[in-house]
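With the sequences and hints as input, model every part of the structure.
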Amino acid sequence: MSTVTFAQATRVYPKSDRPAVDALDLHIGDGEFLVLVGPSGCGKSTSLRMLAGLEEVDSGAVLIGDRDVTDLPPKSRDIAMVFQNYALYPHMTVEANMGFALKLAGVGRAETARRVAEAAKILDLEDYLHRRPKALSGGQRQRVAMGRAIVRDPQVFLMDEPLSNLDAKLRVQTRTQIARLVQRLGTTTVYVTHDQVEAMTLGDRVAVLRDGVLQQCDAPGVLYDRPANVFVAGFIGSPAMNVVTGPAVEGGVRLGGAVLPVPRDQLARAAAGTGRVTVGFRPEDVQLVGPGAGVPVVVNVVEQLGSDAFLYTKLAAEHTDDVLHPSDVVVRTEPRTAPAQGDQLHITVREGRLHVFDPTTQRRVD
Amino acid sequence: MTVTAPPPVDDAGPDSRPAPVPPRPRRRHRVGRVTKAGPLTYVLLVLAALVSVFPLYWTAVAGSHTNAEIAATPPPFLPDADLFTNIGRAMDEAPIALALVNTVVVAGCITVGTVLCCTLAGFAFAKLRFRGNKVLLGLVIGTMMVPTQLAIIPLFLLIAELEWVNQLQAVVLPTLVTAFGVFFMRQYLSSALPDELLEAGRMDGASTTRIFWSIVVPVARPAMAVLAMLTFLTAWNDFFWPLIALTSDNPTVQVALAGLGGGYVPDRAVIMAGTLIGTLPILVVFTVLGRHIVGGIMQGAVKG
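Protein chains in written order, with numbering that gives the first Met the number 0: chain A, 0 to 365; chain B, 0 to 303.
Calculated directly from the structure, the hints in this document are not laboratory data.
There could be a bad hint or two in this list.
[Claimed, not checked] Simulated crosslink set (DSS-like; lysine-lysine; CA at most 27 Å straight-line):
| hint | chain 1 | residue 1 | chain 2 | residue 2 |
| --- | --- | --- | --- | --- |
| 1 | A | Lys-133 | A | Lys-168 |
| 2 | A | Lys-102 | A | Lys-74 |
| 3 | A | Lys-102 | B | Lys-126 |
| 4 | A | Lys-14 | B | Lys-35 |
| 5 | A | Lys-14 | B | Lys-133 |
| 6 | A | Lys-133 | A | Lys-120 |
| 7 | A | Lys-133 | B | Lys-126 |
| 8 | A | Lys-120 | A | Lys-102 |
| 9 | A | Lys-74 | B | Lys-126 |
| 10 | A | Lys-168 | A | Lys-120 |
| 11 | A | Lys-102 | A | Lys-133 |
Computed from a predicted structure; not experimentally measured.
As structure tokens, this is what we get:
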């Protein structure tokens, strides 16, 4: 077990003028489960591969523990990786796949067999040790890939979207298995995913990347409650946070002819210069109020999930002119008493649940 | 009690009941079309097989008659009893046994060498990142455009300088790598060998050499089998360069056959008998390995 540190680590692909990973600064604690998350092309996989030694580091450094591994080959880093498509050796049995690294490391045959058997037991693979990957189901292959990593007892586990090739149900099951396994082993883990649900459920901390730049790295709860900027606010949470920009007026922001109250000093700092303010609120923080109060919206689509209903609403047409991002405003309601399509509602945001952002810098204003 | 089925009623009849809807055989035929061969297919296949087998059959027929019998009109179409006499004469005229051993050695070395070198080079071109990768591959493929005949004289001078004339290495060495083989293995490995597999190997601590033997070779095996077959055939049948580099004292099969039946009137019976023994080993190899080789081709086609 060990810590991992990215110090201004940068990767620029040849023939590209924009860095894939731009001066990444990240410290991962001993035994911590860190999730790198972001949309495709954000540099999360590249960061992981830099740590793995599969990708060069153009400037900056990568440290495992106190050791600078920036220029070391993968085999000298004492790390194990689970690949998205598992990358099992097709001609080797499950046992040979899991024992290959140990064999190369010169671990004795008896010791290798013992460690493989132990890993197989943890992962419930004992009945499949003599099968080839071809004869395994997707979930079993995934477990073999995990097994190949854990038999080595490395300093750090790297996982590159290990669940993305599984079907939805198996993904949820395997997700909890991974969480339990990593908790039990206590090994430092860096996990890459584009799925924010995976990120939120697995990570001790979650690092959100965009265009190669780290946006925020915090515990899932903090990320959800206090997003550092508009991007993180929109990326974390499903359905996404409603983000709208409108003119700042006395006491708040004017949306759809009504004023959504914003605390005075936040409003003043956010609106400084532009006279406008960006606010965000989550679907579950919206309250329905009677006519005369709140922002008028019209229900476009009602999405029934059983436990909740989500209303996709538009700001009432005649008032949208001065509002940016006039996309759907999503509202969560009780499923049994959900309004119908075409209904006009008046909404307001629960006290203290409004996120305020500077429309120019897109940063959070507290 | 017997039940008599009502006689079929003509549709045109005045009081006809609605006729049962006839099955649609045409539709069914279409569905089965992909998997079931019709009679025409069989006829064509038999014809193709006959055309392919005939030269071999004719070799056996001609090799078992005397020269005069072959020249007769119409020629004989059934084998006769003179085969072993003719083979005996062929072996007296040329060192056929030595030639067979030589050819096995030469073709074997060339095959092993080509498959190994081409797999190594194909792997490097397909998966390793190095400066000039594409230019070098272009050069290798470019050599395919140089005709063999053009290289013969410089090659012979080189061999003579090394004092290898009439020695087997003179035939083996120049053909140890072929541009076609390099290109073939590169194409196969580019598509059949995922990068992640190599990366997994590197993460597991394998050196490039180790990755080659433990990961690349097993994945490349089907393509290697196909390349081995093609190379062995080419080497076995090669005539031009062995004829120049070797003499009739130490020939390969094809060179030995060229020396057969010489004289004012070529003795075709002896030539055919010799050709038959020169061809049989290949037939044996194919009969024994055919399943593997065809399996290899198929496996390659669907990427194992």
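**Distance restraint between Lys-133 (chain A) and Lys-168 (chain A), which requires alpha-carbon spacing of 27 Å or less** = Given pair Lys-133 (chain A), Lys-168 (chain A) holds - Cα atoms ~22 Å apart, limit 27 Å.
**Straight-line alpha-carbon gap Lys-133 (chain A) to Lys-120 (chain A), limit 27 Å** = 21 Å, holds
**Asked** Given the proposed pairing of Lys-14 (chain A) with Lys-133 (chain B), does the C-alpha separation stay at or below 27 Å?
**Response** Within the cut-off at roughly 16 Å; holds.
**Message:** Tell me if the straight-line CA distance from Lys-102 (chain A) to Lys-133 (chain A) falls inside 27 Å.
**Reply:** OK: Lys-102 (chain A) and Lys-133 (chain A) at ~22 Å, within 27 Å.
**Item:** Lys-133 (chain A) paired with Lys-126 (chain B) [C-alpha distance capped at 27 Å]
**Value:** 23 Å, holds
**Item:** Distance restraint between Lys-14 (chain A) and Lys-35 (chain B), which requires alpha-carbon spacing of 27 Å or less
**Value:** 53 Å, violated
**Asked** Is Lys-102 (chain A) close enough to Lys-126 (chain B), meaning Cα to Cα at most 27 Å?
**Response** This hinted pair holds, its Cα atoms lying about 24 Å apart.
**Item:** Hint consistency between Lys-74 (chain A) and Lys-126 (chain B) [alpha-carbon to alpha-carbon, up to 27 Å]
**Value:** 19 Å, holds
**Prompt:** Is the Cα-Cα distance between Lys-102 (chain A) and Lys-74 (chain A) 27 Å or less?
**Reply:** The hint holds at about 13 Å.
**Request:** Assess, step by step, whether the Cα of Lys-120 (chain A) is no farther than 27 Å from the Cα of Lys-102 (chain A), and give holds or violated.
**Result:** 20 Å, holds
**Asked** Are the Cα atoms of Lys-168 (chain A) and Lys-120 (chain A) separated by 27 Å or less?
**Response** Measuring from Cα to Cα gives roughly 23 Å; hence the hint holds.
Comparing the model with each earlier hint shows a violation of hint 4 alone; every other hint is respected.
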